[in-house]
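Engineer: As given, the protein sequences belong to chains G and F, one line each in that order. Taking numbering that gives the first Met the number 0, I'd label the letters of the first sequence as residues 0 to 285. Taking numbering that gives the first Met the number 0, I'd label the letters of the second sequence as residues 0 to 151.
Hints were generated in silico from the structure; no laboratory data involved. Some clues are possibly wrong.
Unchecked claim - The following residues of chain G were derived to be distant from chain F, with all beta-carbon distances above 12 angstroms:
| id | residue |
| --- | --- |
| 1 | R17 |
| 2 | E82 |
| 3 | R116 |
| 4 | R142 |
| 5 | A193 |
| 6 | L204 |
| 7 | P265 |
| 8 | E268 |
Said to hold, decoys possible - Over the 10 angstroms line for every Cβ pair with chain F, so calculated as not near, a few chain G residues:
| id | residue |
| --- | --- |
| 9 | I51 |
| 10 | E59 |
| 11 | A62 |
| 12 | A100 |
| 13 | P102 |
| 14 | G119 |
| 15 | V133 |
| 16 | P161 |
| 17 | P168 |
| 18 | R177 |
| 19 | P208 |
| 20 | S230 |
| 21 | D260 |
| 22 | D271 |
| 23 | I279 |
What the hints assert, rightly or not - What the simulated footprint calls covered on chain F by chain G, stretch by stretch (three residues with Cβ under 8 angstroms from a Cβ of chain G suffice, anywhere in the stretch; the number is not a length):
| id | segment |
| --- | --- |
| 24 | 7-16 |
| 25 | 36-42 |
| 26 | 45-57 |
| 27 | 89-96 |
Glycine included, C-beta positions come from ideal geometry on N, C-alpha and C.
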Amino acid sequence: MAAEAAVVEALRDARAARLGAGISLRRAHVADAVVHCEALDFVEIVADHYFIPAPAKNAELAALAERFTVIPHGLDLSLGSAEGPSTPYLRKLAALVETLAPPFWSEHVAFTRAGGRAVGHLAPLPFTHEALDVLVRNIAQVRDAIPVPLIVENIACPFDVPQADMDEPEFLSRLVDRTGCGLLLDVANLCYNALNRGRDPFDALGGYPLHGVVQCHLAGGHRSHGEWIDSHAFPVPEPVWELFEEVVRRAPVGAAIVERDENLPPFRELADEAARARRILERRVP
Amino acid sequence: MSLHGLQCALAELFTTPAARERYARDPERFMRGFDLSERDRAQLEALAANAIASYASTLVRKRRAEAARLLPETRAALGAAFAAAFERWAQRTNLPDGPRRYAADAAGFCRHLLAERQNLPSGVRAVVAAELRALQPSRWAALRATFPGTAR
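Same shape as in the complex, but just chain G:
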């Protein structure tokens, strides 16, 4: 319990640190980020990309860590798995977090494996009391291995598993309350999930545990067969920027990351988006 209190305290410090704005760094942009480090306040890396040690990747990490706060972002811990988080993944993640010594790290409210089968992507949890208990238990296990604050991210999913006990905002609120984890609010995911369910994203926002938001993700998706897909393939669209401004008005968010995985533009374009996010964050009265 004392250890948990220490983690919660550390999370408060992390929030107070207000990291500013950066990008989720892909290898194609590492050299630019190092050379133009003044363009970003911090960077996020996909933890999985640095699990297989290689001299080039070690040098990359060292160069980044010299210039930035580097936040590891996990994809495949499977935090919501009833069979528990992936132990080999957790071991590698713990080593990476120890190397980078970030103020916090992040993972998703999802499962990515079950019964020995890798889904390969973030699969939705049913918003039930049972799934919540599993998450709370798994987060406690993860904290034993990684004594650095964890912030958890809402995923994009075109549907909810039916017959839930609650909706996603309530599920996340309970999770934040029970674990003391911060929230990595993916504004694009919130926006697309609401649109795909015929809801107004601004109305939906009110139900989320905004007091717990530590960091935001911003990205651009596209529409296919009438459905919004969070493809990270396009610039952040205006509705997501507007929703982010609303989040910043209402939540103690001190950090934002622009994500792009497909149609990678030149580094400068992403840095410009990060600069826009920074301007929005700076408008917030502390």
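For chain G, the structure is supplied; the task is to place chain F on it using the hints.
Structural biologist: Relative to the frame of chain G, chain F by itself:
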């Protein structure tokens, strides 16, 4: 362990076209293969088939995007045919597990192209073969796998 059964069933439905076909044909029989409570069964039954199919196509799209990133020359050489060829590959295979799973998937796709697409122009075959060679784990990685204690 009820949630575990539901997650196993969902994982299979999301990743395996044959499982989706089995489920569509006979949901009762499919669900008997998992440790599901009444509620889990109700949750699965209430999940629309097109929601599962839509999520499954998202997974394939992600696999294809990763393959395209890892195989830029193959993608350029195949042009518009790349997407359709990868879809056919993904219909028959699951994403491998492990930290190099997308590289393994892309390598499998290359082997599939070389083995099954005998009519590929020789220039395209050469590009695919070259990218397949480049995807093989490096000697460094092989050394590490042999001697796990090798320093980072």
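Engineer: Output the indices of the hints that this structure fails to meet, ascending.
Structural biologist: 2, 3, 9, 14, 15, 16, 20, 21
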